[in-house]
Amino acid sequence: MASHLTRRLAAALLVWLTAVPGTAAAAPAGGDTGAADGPLTSVGDALSALEEAARPLRTTESSGGFEDLQPFGEAVGDAVVVGIGEAAHGSQDFVTFRHRTLRYLVEEKGFRSFVLEANWSAGLRLDDYLLTGRGDPARIMSEEFQNAHLLLHSQAYLDMIRWMRAYNVAHPDDPVRFAGADNGYGGPELYDRVVDHVRRAHPDLLPTVTELYRGLRPTLPVDEWMRAAVTAPLDERRAKAERTGRVLELLRARKPAGRDGDHAWAVQHATLIDQVARLYAFDLADPRTAPEAMAYRDTVMAENTLWWHRHTGHRVVLGGHNSHLYTTSSTPDLPTTQGAVLRQRLGDGYLAVGLSFDRGAVHATAQGLQNPTDQDVRRFEVKPAAPGSAEHVLDRVSHPNWYADLRTAPPAARALLDVTRPKREIGTDFPPPGDRVNLLRSADLVVHLHEIRPSLRLAREAAGQRPPAPATSTGLLPALEKAAHPLRTVEPTGPFDDLRPLGEALGDARLVGVGQAVHGSSDFLALQHRVFRYLVEEKGFRTLVLEAPWSAGLRLDDYLLTGRGDPARIMAEEFQNAYLFMRTGEVLDLIHWMRAYNIAHPDDPVRFAGNDSSYAGPELYDRVVDHVRRAHPDLLPTVTELYRGLRPTLPAGEHMVASFEAPLAVRREKVERTGRVLELLRARSFAGRTVAGNAHARAVQNADIIHQVARQDAFDYDDPADEREGLAYRDTVMADNTLWWLRQTGARTMLAAHNGHVYLQGYDPNYPVIQGGLLRRALGDAYRVVGLAFDHGSFKATDAGVSNPRDEDVKVFRSGPSVADSVEHTLDRVSHRDWYLDLRTAPPVVRAWLDVTRPKREIGTHWPRNPDSVNLLRSADVVVHLHEIRPFRPLPQG
Numbered sequence: 001m002a003s004h005l006t007r008r009l010a011a012a013l014l015v016w017l018t019a020v021p022g023t024a025a026a027a028p029a030g031g032d033t034g035a036a037d038g039p040l041t042s043v044g045d046a047l048s049a050l051e052e053a054a055r056p057l058r059t060t061e062s063s064g065g066f067e068d069l070q071p072f073g074e075a076v077g078d079a080v081v082v083g084i085g086e087a088a089h090g091s092q093d094f095v096t097f098r099h100r101t102l103r104y105l106v107e108e109k110g111f112r113s114f115v116l117e118a119n120w121s122a123g124l125r126l127d128d129y130l131l132t133g134r135g136d137p138a139r140i141m142s143e144e145f146q147n148a149h150l151l152l153h154s155q156a157y158l159d160m161i162r163w164m165r166a167y168n169v170a171h172p173d174d175p176v177r178f179a180g181a182d183n184g185y186g187g188p189e190l191y192d193r194v195v196d197h198v199r200r201a202h203p204d205l206l207p208t209v210t211e212l213y214r215g216l217r218p219t220l221p222v223d224e225w226m227r228a229a230v231t232a233p234l235d236e237r238r239a240k241a242e243r244t245g246r247v248l249e250l251l252r253a254r255k256p257a258g259r260d261g262d263h264a265w266a267v268q269h270a271t272l273i274d275q276v277a278r279l280y281a282f283d284l285a286d287p288r289t290a291p292e293a294m295a296y297r298d299t300v301m302a303e304n305t306l307w308w309h310r311h312t313g314h315r316v317v318l319g320g321h322n323s324h325l326y327t328t329s330s331t332p333d334l335p336t337t338q339g340a341v342l343r344q345r346l347g348d349g350y351l352a353v354g355l356s357f358d359r360g361a362v363h364a365t366a367q368g369l370q371n372p373t374d375q376d377v378r379r380f381e382v383k384p385a386a387p388g389s390a391e392h393v394l395d396r397v398s399h400p401n402w403y404a405d406l407r408t409a410p411p412a413a414r415a416l417l418d419v420t421r422p423k424r425e426i427g428t429d430f431p432p433p434g435d436r437v438n439l440l441r442s443a444d445l446v447v448h449l450h451e452i453r454p455s456l457r458l459a460r461e462a463a464g465q466r467p468p469a470p471a472t473s474t475g476l477l478p479a480l481e482k483a484a485h486p487l488r489t490v491e492p493t494g495p496f497d498d499l500r501p502l503g504e505a506l507g508d509a510r511l512v513g514v515g516q517a518v519h520g521s522s523d524f525l526a527l528q529h530r531v532f533r534y535l536v537e538e539k540g541f542r543t544l545v546l547e548a549p550w551s552a553g554l555r556l557d558d559y560l561l562t563g564r565g566d567p568a569r570i571m572a573e574e575f576q577n578a579y580l581f582m583r584t585g586e587v588l589d590l591i592h593w594m595r596a597y598n599i600a601h602p603d604d605p606v607r608f609a610g611n612d613s614s615y616a617g618p619e620l621y622d623r624v625v626d627h628v629r630r631a632h633p634d635l636l637p638t639v640t641e642l643y644r645g646l647r648p649t650l651p652a653g654e655h656m657v658a659s660f661e662a663p664l665a666v667r668r669e670k671v672e673r674t675g676r677v678l679e680l681l682r683a684r685s686f687a688g689r690t691v692a693g694n695a696h697a698r699a700v701q702n703a704d705i706i707h708q709v710a711r712q713d714a715f716d717y718d719d720p721a722d723e724r725e726g727l728a729y730r731d732t733v734m735a736d737n738t739l740w741w742l743r744q745t746g747a748r749t750m751l752a753a754h755n756g757h758v759y760l761q762g763y764d765p766n767y768p769v770i771q772g773g774l775l776r777r778a779l780g781d782a783y784r785v786v787g788l789a790f791d792h793g794s795f796k797a798t799d800a801g802v803s804n805p806r807d808e809d810v811k812v813f814r815s816g817p818s819v820a821d822s823v824e825h826t827l828d829r830v831s832h833r834d835w836y837l838d839l840r841t842a843p844p845v846v847r848a849w850l851d852v853t854r855p856k857r858e859i860g861t862h863w864p865r866n867p868d869s870v871n872l873l874r875s876a877d878v879v880v881h882l883h884e885i886r887p888f889r890p891l892p893q894g
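Going by the working numbering, 22 is the number at position 22 of the sequence shown; the sequence numbering is gapless.
These are calculated hints, taken from the structure and not from any lab test. This structure is a prediction, so every number in the text was calculated from the model and none was measured. Worth double-checking, as some hints may not be accurate.
Below, in silico cross-link-like pairs of lysine-lysine (DSBU-like), each with a Cα-Cα straight-line distance of 30 angstroms or less [unchecked claim]:
(1) 482 to 539
(2) 383 to 811
(3) 109 to 539
If you anchor each label on the Cβ, the simulated ranges turn out as follows [stated by the list, open to error]:
(4) 70 to 778: 35 to 45 angstroms
(5) 486 to 73: 41 to 51 angstroms
(6) 778 to 841: 17 to 27 angstroms
(7) 265 to 289: 29 to 39 angstroms
(8) 216 to 52: 51 to 61 angstroms
(9) 70 to 843: 53 to 63 angstroms
(10) 386 to 172: 24 to 34 angstroms
(11) 486 to 216: 49 to 59 angstroms
(12) 70 to 239: 53 to 63 angstroms
(13) 538 to 482: 38 to 48 angstroms
Ideal Cβ placement from N, Cα and C applies to all residues, glycine included.
The whole structure should be built from the sequences, with the hints applied where relevant.
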């Protein structure tokens with residue numbers, strides 16, 4: 001990309017950010033310049049040495065324990081600035097790895113600051129949020145991370161910032177801090193802070209400073225300002241630099257008395273303003289000047305990082321692209337790197353960590369694109385690294401993800417990496433022509449990932465959009481406070497006095513749906529248990545329907561009625577794949593309580609059913625065939641032949657994967673066969689509620705479930721339209737199965753499922769039909785909905801994109817506090833820790849506020865997930881809000 005560099009700098013793009021990664025380069029001084037991996041025998045020995053030095057990474061995600069990072073901590077030693085790079089700006093994995101490392105270094109090594117390759121003014125705003133909770137980090141990121149910084153506008157960075165805020169809430173006397181080191185933009189708050197300081201401390205300078213800054217304070221959005229700044233006439237840009245430099249001189253000349261922290265901050269803000277002006281004062285159209293501009297940028301990024309370290313006294317994690325954090329430049333177009341300056345100033349106090357990957361996908365813009373916008377960002381597939389590249393060598397280590405301290409690696413491994421090789425360094429555009437990097441001379445540690453995923457992009461808020469007036473101005477908060485009923489506990493023990501207003505809100509409902517705002521929470525499962533116990537003991541409810549396979553429900557119901565079987569074993573065998581989020585200690589506690597209730601009330605038992613359509617266990621086939629054998633022996637040969645090869649013989653999870661991955665034609669042929677059995681049974685009808693009639697009805701229902709599962713698998717999920725139909729079908733049959741159970745048992749029933757299935761209206765455009773809406777249509781007000789919400793906490797989930805989860809895929813994630821303007825943010829301002837509200841009888845001001853679509857967390861089995869848009873008044877009859885949640889207690893699979 002070196003050939004494009006000066007051309008692009010001269011155009012209307014701040015390519016000093018985007019162009020460095022991916023530039024072609026001469027080999028750095030020193031080291032072998034050969035491109036090949038080396039002679040086979042020597043490479044084999046060297047790879048063995050590298051294997052010896054490599055430390056496996058358990059995960060790149062930010063959750064879980066840090067045992068695998070302990071050698072990383074030893075490598076950090078006494079370093080005061082640790083630069084953790086990235087080989088592509090638009091990758092989720094590099095950011096989540098940096099987040100995980102930050103958490104480790106904060107929690108176990110005493111680091112307290114994070115400095116990012118972002119503008120100083122963005123850092124100030126985010127730091128203020130971390131320290132005070134003021135502002136909305138998503139809004140700040142939307143407003144600040146634009147143009148050349150637009151790939152920072154991602155869910156992974158938002159998650160990291162929210163974790164930092166949660167840490168500060170828990171450690172108010174020892175907070176973590178955030179800074180930006182870059183100088184592409186100086187926001188209006190920088191000018192305001194300098195002028196406010198001058199007004200207070202140096203009023204005699206105020207007229208001069210005001211005049212020098214006249215017309216310089218940005219009034220346009222970041223992207224528009226940057227476009228205008230880089231295309232302004234050179235003389236105008238240089239005149240601005242003279243004015244900003246004069247303000248800086250005036251402030252530096254006023255030596256503060258004693259330790260005037262405000263003066264130091266004001267001088268640094270004025271320095272940043274001057275740095276921005278000086279960057280644009282380079283003649284970017286002159287190819288001789290462009291490298292000077294690039295070197296200036298990296299030098300001031302180093303200076304700003306050092307200022308932050310000195311001013312705070314903190315050990316710092318520095319985040320940026322490899323090309324900035326390397327201690328040796330990989331291109332003559334960048335003669336000085338930020339990492340080189342930090343090494344020069346700090347010596348071994350600066351540690352450079354280079355990142356690498358073999359293959360995957362990234363978000364980027366097309367190569368050479370000027371002034372990128374969100375619409376320009378798209379996904380690019382990155383093929384496996386080519387032989388002779390640095391990544392190809394690193395990927396030959398047996399661990400999929402690993403790291404190594406290059407300083408202490410065996411000599412053969414060091415020699416292997418002391419070679420200048422092609423290496424992908426992807427900035428904001430793709431494809432890169434390829435840098436040439438000597439890893440041993442550029443980094444102290446290397447982290448290699450086998451495969452990376454593209455970043456999760458955030459929606460951009462409209463320019464100029466501002467949050468609505470605070471809710472308290474309309475009297476909402478006092479009205480909420482008055483209407484809220486406090487919850488004594490979510491645990492299913494003790495008296496139910498606090499739940500009696502809930503019973504009144506549910507009235508005479510025959511079916512009550514109680515939701516979850518995330519599947520992996522102990523508190524939501526415990527609360528469902530507690531509500532069910534209350535409804536059984538005081539409201540006459542007698543059955544529970546769970547978002548689980550029908551065959552699991554049959555086996556657990558048999559245990560409740562007879563005591564046959566082991567519920568933990570049944571759950572282990574049935575609750576696999578996506579259902580493993582039901583295989584928890586909390587659900588087992590509920591089953592044990594239900595069995596104890598039935599022992600005490602043998603003539604009035606409670607019952608259990610599953611209503612979902614993703615798995616039909618072998619007992620369903622056995623029950624249908626046994627019924628046919630007894631009641632319709634003439635059909636037995638036909639039914640046996642139609643079901644041949646369909647009865648599961650694999651464990652539930654393996655069967656689900658195999659069924660789903662079968663060719664579409666095979667899946668659709670199964671639908672024809674299961675449908676034919678259902679038709680044959682329906683044609684043999686029994687009238688009346690006789691023993692024979694009930695047995696036949698159950699057999700027809702079991703055959704229907706088998707057919708539902710076959711149909712569910714037969715949608716073409718590679719076709720977006722067919723996928724939506726498949727999702728609509730799932731919720732439709734869940735509603736049908738629940739209604740069948742309600743009719744068959746005649747008992748008042750509680751339905752336990754995710755909010756997304758019990759709500760009265762959907763929030764996801766991919767779910768055109770929702771179970772709760774169908775149930776309200778069928779039952780009217782006899783179906784009531786209790787929606788769940790929470791502010792922050794921990795829960796179990798898998799990484800985004802895991803389609804067939806196994807136990808080892810499930811991790812503990814932690815969400816930060818809810819964001820401003822969200823449903824939960826306002827609900828959490830009520831003084832009760834945990835509470836609920838009857839939406840139907842709430843005061844008008846509350847109902848009006850609830851009757852607006854707002855962001856709300858609706859987390860299924862994956863994380864991260866952006867908030868959904870929910871109109872709570874039209875989705876639920878009651879809302880329960882919990883201040884903090886905990887992860888569920890998993891049960892072993894075997």
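Inset, instruction - Just pull the numbers of the violated hints for me, sorted ascending. - result: Violated hints (numbers, rising): 3, 4, 10 and 13; every other hint is consistent with the structure.
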